[in-house]
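Novice: Chain by chain, the residues run as shown.
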Amino acid sequence: MQQQQVPPEGGAGSADRPGSTQLGTDSEPGSRRVETGSGGRASGGQRFEASGITVRFGGLTALNDVSLHVEQGEVLGVIGPNGAGKTTLFNVVCGFTKPNEGSLTWRGEPLVGLRPHKLAGLGIARTLQGVGLFAGLTVVENVMTGLHAHAKAGFLSALLALPKSDRDERVLKERAMAALDSVGAAGYAGRYPGSLPYPVQKRVALARALVLEPDLLLLDEPAGGVGHDDMDELGETIRHLSGRMAVMLVEHHMDLVMSVCDRITVLDFGKVIANGTPAEIRENPQVLAAYLGDEDDDSGLADADSSPQEA
Amino acid sequence: MSDALTQTNKPDEKSLATEGSPQSGRAGGLLRSTLVRHVGLMLLALVGISLLLETVSPFRVSQLGELTYFIPAVAGLTVLTGLNGQISLGHGALMAVAAYTTSVLLDQESPLPFALIILIAVAITALVGALVGAAAARLHGPYLAGATLALAVGVPGLALYFEETLGGEQGLSVSPPRASPNFATFMADVTGESLSGQKFTAYLGWALSLLVLLLLSNLVVSRYGRTWRAVRDDEVAAELAGINLGRARVLAFVVSAACAGVGGVMIAIITRLTAPTTFTLVLSITLLVAIVIGGLGSLVGAIIGSLIVVFLRPFVTDLGAEGGLNAAQAANVAPLVFGIVLILVMLLAPRGLVGSVRFAYLTRQAARQAKAQR
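Chains as they are written, first to last, in this note's numbering: chain B, 1 to 311; chain D, 1 to 374.
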């Protein structure tokens, strides 16, 4: 909690600030900052809860009575062997999959009839497996798209190119640049994603999620395809982020999960089999059994404390 | 990293300076306005077109007029297909909706003012576009092509069914609107000769075309253009960014249909006859050919594509006639050449003419930047 207000990367702080001042002085009426109130961010009242989630695909029960919660300032890891239901869980949280049973609660209010495009307005952002960047948009446009829910200018002012539309675009662009800067990708603003190295694309995708300044960030395999050198940096970034928001991540790389998560929920065959701190999870016999029983998974828990060799 | 920092700080300082202090460069501020830039460009184009219309032969004037029913429709289609990723084989039918509306409204004993007729025709076409778009928003690729194909085949059939009002096979003849006395006198004073009806129609068409291009270019650079491209590129990511996919798609269809409507109005008053044979599937496909040749999603490409479609046809037909073909054979040279051009574009420049140039430029720029970073 003591990390609040600290920008994700120390060096980027100076450039991050003009963007945020801009926000304040431009006084956007519907801004989420106003909505949540000045105390909202610091009070730790941002709690996301899923309870009794059950999802059936035909005869297959993908999730069976899964409950979990994540608080502001906390990193929750969701792990489990392949096919345990992690991605289904994320899809439920995002509104892509409707659960057969169970409910979601966000900031104390139930999320009923959740649709994916409503998430951004609720202060929830998600990164995708892979990168999911828009290939035909420049890097900065990609990040500006992340601010869609915050854009004010309506269709008519865009059609007639009224000054309001220009001003709106300028504000979005400045915020996008600040977000890019905070992940160290501002130098690529005018490039197209396809021409950039994969780790840079990943950082841009993260910036697109962060530009909303979400209160809940869902990271779907952030370390996928990232080399070992970048892994430590990624872990550090996630730790920093948790100062400003709740983070929930699905990840295969055990060393990353063990080092960044405050708590871990373990899924196996659609059920929660364990819930606890990394240390507790490491010792949990049920978890060990679930992982060791899975012959295909060679990044098992046993490797977690010894230095892992695979990248 | 230091490079990155300077790059981000610069725009910040600039915008703060212009917003905060009124004495900062006014010309620079004006050029920053999208509206000023686009309106300036369109006025330049209008001057250029006027000079052209006044100097070329009546035959060329008629060709330049013909361009003005292609350009709005092709520009609208390139936004829909190129930027939003929705294919439409039904744009010819949408043009028919506007053309028939215009013809029926002009056929009254005391017709409404022409400006109002244009607005009504465009609004009705946009409404039809909204209905089609709502259905289309759930369809992809070949299914969407099929659904819009049904539109292209079905709508001309309506003219046969409602023969009383829509004229059946014979069609409706259209008496094109006349220039207002003020405009006619003005043109006669400036050019020294009286304004022909054909030339007036060409002026009207170009004014409408440039207006459509102005509004579309505003939209393309706005967040709506960005939203449409985002939906085209990655639905899931777009949805997570807060975009309502269905709404974005329907909006693109409505905008595109309205543009086709402007094209439809022009086709009615240029051909002076609104008949089912004008709005066959060939018209819809010709529009698609134009956007593919020009480059999907590019408004400049839409203009170039329209130019090629309009000017290539008589050129190759003449060429065929000179080469000893009879009239019927010569008339079939144009579709053949369109086919060949389309195949060549797909093979050699799949991004279309404008797209290829743009891609080459971007590649060079990226290479230069990569070199500089090393």
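Honestly, the hints are just simulated from the structure, not real lab data. Wrong hints could be hidden among the right ones.
Unchecked claim - Using C-beta positions, here's what the derived DEER-type ranges look like:
1. D:A366 <-> B:D229: 53 to 59 Å
2. D:D107 <-> B:F155: 32 to 38 Å
3. B:H252 <-> D:R32: 43 to 49 Å
Source: prediction; values computed, not measured. Even glycine gets a Cβ: it sits at the ideal position worked out from N, Cα and C.
Novice: Honestly, which of those hints from before does the structure not fit?
Specialist: Violated hint: only 1; rest satisfied.
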